[in-house]
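Below, each chain spelled out in residue letters.
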Amino acid sequence: MSKQAYHGPLERVSDWVWKIPRSYHPGMRVDGLIYSSEELIDQLIADQAPEQVANVAHLPGIQVASLAMPDIHWGYGFTIGGVCATDPDEGGVISPGGVGYDINCGVRLIRTNLTYRHVKPQLQQLVDELFRNIPAGTGRGGKYRFDRKELRTLMAEGPRALIDRGLATPRDIEYTEGHGRLDGADPDLVSERAYERGRDQCGTLGSGNHFLEVQIVESIHDAHAAEVMGLEKDMICVMIHSGSRGLGYQVCDDALRMLRGVPEKYGIELPDRQLACAPVNSPEGTHYLGAMRAAANFAWCNRQLLMTQARESFATVFGQTWEELGMDLVYDVAHNIAKFEQHDVGGVDKKVWVHRKGATRAFPPGHAEIPQAYQEIGQPVIIPGDMGRASWVLVGCEGSMRQTFGTTCHGAGRQLSRTAAVRQAQGRRIDKELLSRGVIARAQSWKGLAEEQPDAYKDVNLVVDVVHNAELSRKVARMKPIGVVKG
Amino acid sequence: MFETFDHTADLGLRIAAATREELFSEAARGLTAQIVENSEAIEPRETVVIEKSGDAVDYLLFDWLDELLYQYECKQLLFREFRIELSDHSLRAECVGEPVDPSRHRLAHEVKAITYHDFVVEPTPDGWRAEFIVDI
Chain A
13 MSKQAYHGPL
23 ERVSDWVWKI
33 PRSYHPGMRV
43 DGLIYSSEEL
53 IDQLIADQAP
63 EQVANVAHLP
73 GIQVASLAMP
83 DIHWGYGFTI
93 GGVCATDPDE
103 GGVISPGGVG
113 YDINCGVRLI
123 RTNLTYRHVK
133 PQLQQLVDEL
143 FRNIPAGTGR
153 GGKYRFDRKE
163 LRTLMAEGPR
173 ALIDRGLATP
183 RDIEYTEGHG
193 RLDGADPDLV
203 SERAYERGRD
213 QCGTLGSGNH
223 FLEVQIVESI
233 HDAHAAEVMG
243 LEKDMICVMI
253 HSGSRGLGYQ
263 VCDDALRMLR
273 GVPEKYGIEL
283 PDRQLACAPV
293 NSPEGTHYLG
303 AMRAAANFAW
313 CNRQLLMTQA
323 RESFATVFGQ
333 TWEELGMDLV
343 YDVAHNIAKF
353 EQHDVGGVDK
363 KVWVHRKGAT
373 RAFPPGHAEI
383 PQAYQEIGQP
393 VIIPGDMGRA
403 SWVLVGCEGS
413 MRQTFGTTCH
423 GAGRQLSRTA
433 AVRQAQGRRI
443 DKELLSRGVI
453 ARAQSWKGLA
463 EEQPDAYKDV
473 NLVVDVVHNA
483 ELSRKVARMK
493 PIGVVKG
Chain B
1450 MFETFDHTAD
1460 LGLRIAAATR
1470 EELFSEAARG
1480 LTAQIVENSE
1490 AIEPRETVVI
1500 EKSGDAVDYL
1510 LFDWLDELLY
1520 QYECKQLLFR
1530 EFRIELSDHS
1540 LRAECVGEPV
1550 DPSRHRLAHE
1560 VKAITYHDFV
1570 VEPTPDGWRA
1580 EFIVDI
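So the sequences go chain by chain: A and B.
With positions in the first sequence counted from 1, the corresponding number in our numbering is that position plus 12.
With positions in the second sequence counted from 1, the corresponding number in our numbering is that position plus 1449.
Rather than coming from a laboratory, the hints here were simulated on the basis of the structure.
Think of the CB as a built atom: it goes at the ideal place given N, C-alpha and C, for glycine as much as any other residue.
There's no promise every hint is true.
To be verified - Just a few of them, taken from the derived set where beta-carbon distance is under 10 Å, the chain A residues facing chain B:
(1) Tyr128
(2) Gly149
(3) His222
(4) Gly258
(5) Ala288
(6) Arg426
(7) Lys459
Using the sequences and the accompanying hints, generate a full structural model.
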C-alpha cells in the first residue's frame, strides 16, 4: 500500500496529547494516545502511522493505552515511535514487531576533553580516520572475529565479556543501560543463520540511518545536569547510532517465521500480520524472549566496539590515549527493545513487558536502575536528530513514569520517504551542502547520504519541545554535528 | 516489471508479471536492485540452486526473497538471472550471479529484512502482482 493519509478519529485531549478512541475499531482494547504539537500534528496524519497506533491497541493484555511519541512515523506493524506495555498475568503478549528487526538499536554518547578550537584544524583528518577505521555500509565486515563460543558469551553476558580483552572498562558497563545485559538471554535459541550473520559484524556501523557523528555541545539548557554528565559548551563529543546488525535482524526474522499461525492458535485476532505475537507465558513467547535478549546483548557489544574504534581514531589523530582525551561514555540507551519493568498501572504496582519500538527509556531521578552518579538528575536520554541541524541530550523525569511507562522519544522521525529524499537530491551534492553548513560528511554511497539528508527528517527541536513540555524528559544540552560517518 | 513505492522509513516494492514464475524472478531482480545500484554489472559466473517449500504462495515468495538476502549477506552472492520452477507448494530456483565486488558493484542499501506488513501476492487480469516493504 502506498502512502495514504489517516482519516480516522483524532481528539485533542491536552496541549500535547491526541487520542484515538477505542471505539474507532471494535477490536481495540485501549485508546491510542499520541504525543504531538500543533506544528507536528499535520505531518503526523499524512501517513498511516496513527492507524498503526490503533492496530497496536488490539494486542491482548495491553495496559492503559497504545502510546506514540512525537517522532512517530509509518513503520511496519508497529509505528516507529510506539510504546506498548502488556501484562503477562492478563494474557499479555510479546510481539517481535514491537521491538523491530534491529533489536536494541540504540545510541551512545562519548564526551572528550577537546573543544571545537582544538579539533577544527584536524577535523578533516579526524573524519577520514574515523571513516577508514570504522567499518560502515552494506557488505562490510569488521576487524573483530568471534568464534561460536565467544559469540555465545557476548550474547549471554553483553559487553562486560569484553573487559578481559581490554575492549571495555567496568566504567563503560556502569554507564550502559541495564549494564549492557538483559538477564535470561539464551544463545541456544539463536539460529545458525543468526550466528553466521553476526560472526564478523560486531563492531560495524551498518547503513540506513546508522551513523557516527563528531558533535559540539552547542548550548546548555540545564547547567547542573550537564555538569554531572561531564558536558560543557563547545565540548567535542561522539555520538554512535547502531544496533544488533545482521544477527538481530535474523533473530526477528526467525521469530516471525516461528509465529506464523501462532496468533490464530491462541485465538488472537490481529489487523496486521507484522503484529504477530504470542502470549509471554507460552513456549513461543519464551523462545522469542530468550533469543531477543541474546541479540540485545550483542547490540551493546557492537556499540561498545564501535566506541573502542572511535577512541582509537581520536588517539591516532591527536597523539594522546583515549583516557588522556577524557573519552568517557556519558550513557548508552536502547530504543528498540522490550523490557520487563515495574510500573504503577492505575494505582497498582505491576510488572509489565514494555515494548519500545523507536522510543527511549527515560527513568526519573532516584530510579534504582540508573547509575549512582545520575541518581540526582535522572537517566540521560540521547536523541539523534539529523546530520545537518542538531541532536539532543535530555534526562528522564517523573512525568514519564506517570504517562508513558518511563518512555520518551528517540529521534527526529522521518518526514520524507527514502524515494522522495533521493528525488529531491537529484543533481545535488549533499556532502558539499553539508560542508557549507560546517559539517564534514563521509558516506559509502551517494544514495545513502541523499536518503539521510537533513530535509528527510522532521525538525528534532520541535520533537524535543513536545517531550520537554509534556514532562516526559527535560532538555539538558543541544549538540551540533561537525563530522559525520555514514554507511 | 518492478517499481519502488514510497514508504516513510523504508522502501516498498511493487511487482507485476504475466506468470507466477516471472513474478518470483522479477521480485528477486527488484530486491537485488535495492542492494546494488548497477545490478546490470553482476556477471553470470556461478549458479546456486535454492529450494523452498511452503503451503501458501505469499509465504513462499517471502521465504524466497529472504533466502536471497541470506545469500548476499552470508555468502556475499549477488544474482542477475533466475530460472524458477514452481509447483503448488515448492520452489526450485537456479540463480546465476557472482560474489559481490565493491570495485564494480555500487552497493546502495543494506536490506535488513523483508517485512510482512501489507505483503500482497495475488492474481490479476494480466497475470500476477506482488507488493512488499523491505526494512532499510
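Each hint tested on the structure:
Given the 10 Å rule on beta carbons, the hint for Tyr128 (chain A) is violated: about 32 Å separates it from the nearest Cβ of chain B. A distance limit of 10 Å between C-beta atoms decides the matter here; for Gly149 (chain A) the minimum to chain B is near 7 Å, and the interface restraint holds. A least Cβ separation of about 9 Å between His222 (chain A) and chain B falls short of the 10 Å threshold, and the interface hint therefore holds. Interface hint at Gly258 (chain A): satisfied, since its Cβ lies 5 Å from the closest Cβ of chain B, which is below the 10 Å cut-off.
At its closest, the beta carbon of Ala288 (chain A) sits 7 Å from a beta carbon of chain B; the interface hint therefore holds under the 10 Å criterion. Satisfaction of the interface hint for Arg426 (chain A) is found here, the shortest Cβ-Cβ separation to chain B being roughly 5 Å, below the 10 Å cut-off. Hint on Lys459 (chain A) holds. Least Cβ distance to chain B is approximately 5 Å, under the 10 Å limit.
The structure fails hint 1 only (numbered hints given earlier).
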